[in-house]
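A.B. asks: Make a model of the complete structure from these sequences and hints.
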Amino acid sequence: MKLDVRGEICPYPMLKAVEAMKRLPKGEILKVVTDHAPALESIPTQAHRRGFAVQIQKTGNPEWIITLTREDKP
Amino acid sequence: MTLQSIRMVDLEWIHDHKGEPRLILIDVRTSLPDLQVGYLYGHIPDAVPLDLNELFTTHNGEPGRLVSQSAAEDVLGRLGLTREKAVVIYDEGFGPLAAQLAWILDYYGHPEVNILEGGWEAWEQAGGEISVEVAVPEPKQYKAEPEGSRLATVEWVAAHLHNSDILLLDARTEAEFNHGRLPDAVNMPYDAVLDDVDPPRLKPRDELKGMLAEIGATPDKEIVVYCEMGARSAHSYVVLRWLGYPHVRNYEGSWAEWSRRMDLPVEGQREAAVQAGCVQDNVCGSMAAPDVSSERDSLSHGEILRYSRHLLMPEVGLQGQKKLKAASVLVIGTGGLGSPVAMYLAAAGVGRIGLVDYDVVDFTNLQRQIVHGAATLGERKVLSARDRLLDINPDIEVEVFDEAFTSRSAMRIAESYDLIIDGTDNFPTRYLVNDVCVLTGKPNVYGSIFRFEGQASVFWSERGPCYRCLFPEPPPPGLVPSCAEGGVFGVLPGTIGTLQATEALKLILGIGEPLIGRLLVYDALAMSFEEVRLMKNPQCRICSDQPEIVELIDYEEFCGVPGHDRDDGNLADEWEIEPRELAERLDSGEHFRLVDVREPHELEISSIQGAELIPLGSLAARMHELDSAEEILLFCKAGTRSARALELLLGAGFRKLKNLRGGINAWAHEVDPSLPIY
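Chains as they are written, first to last, in my numbering: chain A, 1 to 74; chain B, 75 to 752.
Hints are supplied without guarantee of correctness; some may be wrong.
Stated by the list, open to error - Taking lysine-lysine pairs in the BS3-like style, the calculated list, with each CA pair at most 27 Å apart, reads: (1) B/Lys610 to A/Lys31; (2) A/Lys2 to A/Lys22; (3) A/Lys31 to A/Lys2; (4) A/Lys22 to B/Lys277; (5) A/Lys58 to B/Lys610; (6) B/Lys277 to A/Lys2.
These are calculated hints, taken from the structure and not from any lab test.
C.D. replies: Right under this line is the structure:
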């Protein structure tokens, strides 16, 4: 699932990513596209709390794709 | 001051008060159509929707700033809100959105502000009734009564730093806090007050008070909360108010505003944030603040009088004037652009101005280079300019570099300056200035002029594009004529240089919207300004993430031209003819073609009898008029254009060619003194 929050500023990228994480179907990966640098820290913080692994890829200037994958709990 | 506070209410409270006309439920959730999340997909019955973005706007280039009071009153009035209403706000759980509206209403002195704890999620979980009917409230007049003590502005915070009665509380994540923060701030992420269940609930009061006391946030202090843009900090604000803390302010502009102000101190590893890639816009990264704590920290009575017209304006004021005094600016070139730049910076009180130029004052400079005068003809330009600047303002320091700005000297010269002004007239130095600025992180205030057109911009690679993002490669040598060849409208550098001085002063003061990412293009004939938006080039050879250029290079080689604007050709001696020799050959009556490659209007200034006019620009098209069997002697004003003409003809197979060394000006000097030199 892709969540495009380009053009949105704090706190929306983080809040929307949290909503999307809450509702993400099992086995799906969430990709958040953002151009708001502070989201690179606020989104991973929320993701770790919710048991998601985070990968950040720089795709533009400024633009990033944050890939959030639910970590399997043993 | 009113004693109202912000209350948290639960589902039971809603059920008890449902249907009361005094009650107004406001849904501030965000909308995610893909996930069917938001007001339209279901809300608490009778709730009215509010998109909080309506209460925020972009101000001075900074997004996320509160709209004007009258605009806010309009938005709130349209919800059917009056001061008599008991407001209940809810968002998804209890997050920054509900808090943001609660803070705004608290700031506007609204008497009864409540937040539904657990928000929509709690309502949904408890099986509360869900409506999809969109409420259409009857608009009312809302009257705000702002309570100034609930809001912190950047000026207020700056004036209250290092005050033991005031605590700065950073509500961002630990990582953001570590990257950069306000001086002496303490960190408590906004959601540390919530427990880990869904929906999150506030931790018990005593536990929260203990957590706050541990970081020094006690009710006897005035607590200023901030985050990135003032939303998460509104959450902390609400919690503190709910706990009964009497003196809490939300710093609305927050880190986004603070970090943009190069004059304000910060703590933390801001460089790391820059390296992480947040290199554009207002999000992070800023120039190191000038050291205002040195002996330059005060103004004499004489200075206060001198800068009276600055001090009268709050945007400058005493603090701003001290910043100017503490600032240092390097001006590369003391010519057309450097003249007005240096003079205005001196007049404005910039404490240390560096001047770089290797040349002497020439008579043809005076048409536009207003820092020099007839009295200093033939003198070193830097000394001539220094005398003029110190005459304007003896209170400043002027440092001179009577040398060329080259790859070898650039870093040494630029090192101690806060920002650099590009007043150069050639491409090698322009690329050099850019690269020095990128490599040292300094802003480059750029200007260029040609005939009737000029450009200005601020290239600051930490905040936006650099010159190489715009022009990765220099133009082919000879394509763009210099001022000495193409001419320049004398007043033009006055306009562009004054724009550069304006931008430099704004950057130092931290006011207004700098020309970062914008190229201003001025046409003096049309008297028009156009603005071109510039983007950072992700493949830029020097300011991208993987730069090819990591140190200064040979710029003359890179550009294929020398790093100065002198009027000389670069031909081997065998292709040159001296003026006296030409005179002898003309007298002898031997046959050759004498070709003047200047522009037609230059004929009115001076000419050589027997010459035919083929302007350089039309030479390629008119080459058929020449015969390679005949000898061709070329000249122009000073020898540069004719040297280029000669190379052009050489390339076309002509061999019997000569270039008049020094052009018609040398001819006038050595052979025909009746002609003017220009």
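A.B. asks: Would you mind marking each hint as holding or not holding in the structure?
C.D. replies: Results of checking the hints against the structure:
1. B/Lys610 to A/Lys31: 24 Å, holds
2. A/Lys2 to A/Lys22: 14 Å, holds
3. A/Lys31 to A/Lys2: 5 Å, holds
4. A/Lys22 to B/Lys277: At roughly 22 Å apart (the allowed maximum being 27 Å), B/Lys277 and A/Lys22 satisfy the hint.
5. A/Lys58 to B/Lys610: Measuring from Cα to Cα gives roughly 14 Å; hence the hint holds.
6. B/Lys277 to A/Lys2: At roughly 33 Å apart (the allowed maximum being 27 Å), A/Lys2 and B/Lys277 break the hint.
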